[in-house]
Amino acid sequence: MDIISILFYLVTSVVIISSIGLIVVNNTVHAALLLVLIFFNTAVLWLMMNAEFLAIVLVLVYVGAVLVLFLFVIMLLDIQVKKTVSKKLYLLFSIIISTIMFAELYLVIFYHDFQNSSVKIINQNISNTYEIGLLLFTEHVFSFEVTAFILLVAIIAAIAINMTDRQRALRQDPGKQILETKEKRLKILKDDEI
Amino acid sequence: MFDYIVNYFNILLAYFYGLSILPYTLILITMIMVPLLILVAYYTYAERKIIASMQGRLGPNVVGPKGLLQPFADGVKLFFKEIVIPTDSNKFLFLLAPIITFTVAFAAWAVIPFDSVLVLSDINAGLLYILAMTSLGIYGIIIAGWASNSKYALLGAMRSAALIIAYEIAMGFALVGVIMVSGSLNLGDIINIQRGSVFNWLWVPLFPLFIIYFIAGVAETNRAPFDVAEGESELVAGFHVEYSGMGFAVFFIAEYANMILISALTAILFFGGWLSPFSLDSLGDFAINDFTNNLILFFINDGIHWFIFKTLFFMFCFIWFRATFPRYRYDQIMRLGWKILIPLTLVWIFVEMLFIHFKIGPWFN
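Those protein sequence lines, which keep their order, are chains S and R.
Letter by letter, the first sequence follows residues 2 to 195 of this note's numbering.
Letter by letter, the second sequence follows residues -12 to 352 of this note's numbering.
By construction, these hints were calculated from the structure, which means they are not laboratory data.
Glycine is no exception: its CB is placed at the ideal position from the N, C-alpha and C atoms.
Hints may be right or wrong, so weigh each one.
[Unchecked claim] If you anchor each label on the Cβ, the simulated ranges turn out as follows:
(1) R:321 - S:189: 33 to 39 Å
(2) R:348 - S:51: 53 to 59 Å
(3) S:147 - R:142: 54 to 60 Å
(4) S:62 - R:316: 30 to 36 Å
Whenever a hint applies, use it, and build me the whole structure from the sequences.
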C-alpha cells in the first residue's frame, strides 16, 4: 500500500467516524465542529483528486463562512439538551429517509457510467482553476448568473426581514452624530453658576 | 555575492531533495518558521520601543543591552506560568483553540513567494489558499470563547468574530480587484505582472483597494484602532480572557504572525513583492571597484531584501497606527466595515472594469 492510499483510508475513516459522531453527539456545538472536520477532510479528498480549486473553495465558503454563522447562532441560543423524548418516531423517520438516500446513492454509483461522461479534460497544461473559470463563464454562464441572482434576492430578503421594526431598535444615527458640535453639547459653568 | 549564496542554496536543495521529499519539506518549513518566530519575538520588542519613543518614554531597557533580550524574558515568564483551565470548561476544545489559531496563522506562509525561486509551494490557487487559511483563524477565536465557559469570553469571541466576518468581505473584494488585473491566482504571477518601475506596481491603479485592504487587514488582526477584542483600557480582554501562560502566549504569537502576514501580502499584492523600485538601465556606471559595484548592484536588483524592506515598512505602520489613532466605538467599526468599505470596493471594481475595457495605463494592456 503506498502513501496515497494510506492517506485516503485515513481521511475517509475520519469522515465516516465524524459523520456518525455528528448524528450521535448531544451537544450541538460539538456537532457543528464535527461538521467542520468533515468538510475539511472532504477538501483533502478533493485535493487528492487534483481538484484544488474545489477543495480550497469548500474550505473558504463552507468552513470559513457558512459554518461560522452556524456556530454563531448555536452558541448564542440557549439550547437545552433534551433527555427523554420518545425516540421511536424519530427512528422510524430516520430509517425511511436513510433507506431512500441509500437507494439513490446506490443507483447513482452503480448504474452511472463515470468513465464516459461529464469529465472532459480540455487541456492538460492549463490549471484546474482556470478550466473551471472558463467553463463557468462560457458553457454554464446562464446557470451561473441565475445562481448569482438568487443569492442576491436572498441577501435582500434577509435584510428586509431584519429591517421591520426600526422603531424599537436602539440605533445610532451617524448623520446626527457627525452634525453635533461642541457648542451644542458642552457648557462651561462659572463658579457662581454651580 | 548573492549569486554564490543562491548557488550554494541550490546545491543544498538538490542534496536535500535527494534525501526524500518529506524531510526536505520539513527542513524548508523550519527555514520559514524559525525566522518568522524570531521576527515575531522582536516585533513585540519593536512595538514597545517604537510606541515608547512616540510617547516620550524609554520602553524596555533592562534585560540585556538596550533591552534586546526582553522578548526572551517574556517568553520564559509565560512558559513557566501555570495554565489555568476554568471549571466546567471543555478541556479539549479549550486547549485546541490556541493551536488552531497558531497553525492557521503559519499555514498561510506556505504560498508566500519570498523571491522568484524561494517559495515553498507554488500553487496556482495561491491567493484563494491564503483567503481560506485566514478565514479559518476565526475558529480559534470562537472555540476559545465558547470553551472557556465564561460569558465574558463568549461575548468577546462574538465581538471579534463579527468584526472579522465584516472586514473579511471587504478584504476579499479588494483581492478581487488584484485578481482582475493579474488574471491569475498565483502570487508569483501577481508579482510578475507588476514588473517595471514603481508606477507599474498595483498601488497606483488600485489605490482605494490598497487602502481598504490594509484597513481590513488591521481589523482582521484585531489591532488598534479596531482592537475591540483586547480593549485594555475600557473592558476586560475578549475571547482569551481565561487563558494564562502558554495558552495566552500562543494567541499572542499568532496575532503577531498574522500582522506580519498582512504586511507581507500588502507588499506582494500592491507593492511588487521582491521587485526593485529602480530599473537597472536607468543607472549610469558605478565602477568604483568590483566589490562595491557588486554590492550596489545586488541592492538595486530584485531580490528578497526588497520584499523584507516592504514588509517591515507595513509592519511599522501597524505599530504607528496603534500609537496614533484612538479606538473606534463598536457600532462605528461595523458601520465602517459594512456601509463604507464594502460599497467602496464594489465601486472601484466597477471603475477597474472600465479601465480594463478601455485599456488604460500600463497596467491594463
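The hints, checked one at a time:
{"no.": "1", "hint": "R:321 - S:189: 33 to 39 Å", "verdict": "holds (34 Å)"}
{"no.": "2", "hint": "R:348 - S:51: 53 to 59 Å", "verdict": "violated (37 Å)"}
{"no.": "3", "hint": "S:147 - R:142: 54 to 60 Å", "verdict": "violated (40 Å)"}
{"no.": "4", "hint": "S:62 - R:316: 30 to 36 Å", "verdict": "holds (31 Å)"}
Comparing the model with each earlier hint shows violations of hints 2, 3; every other hint is respected.
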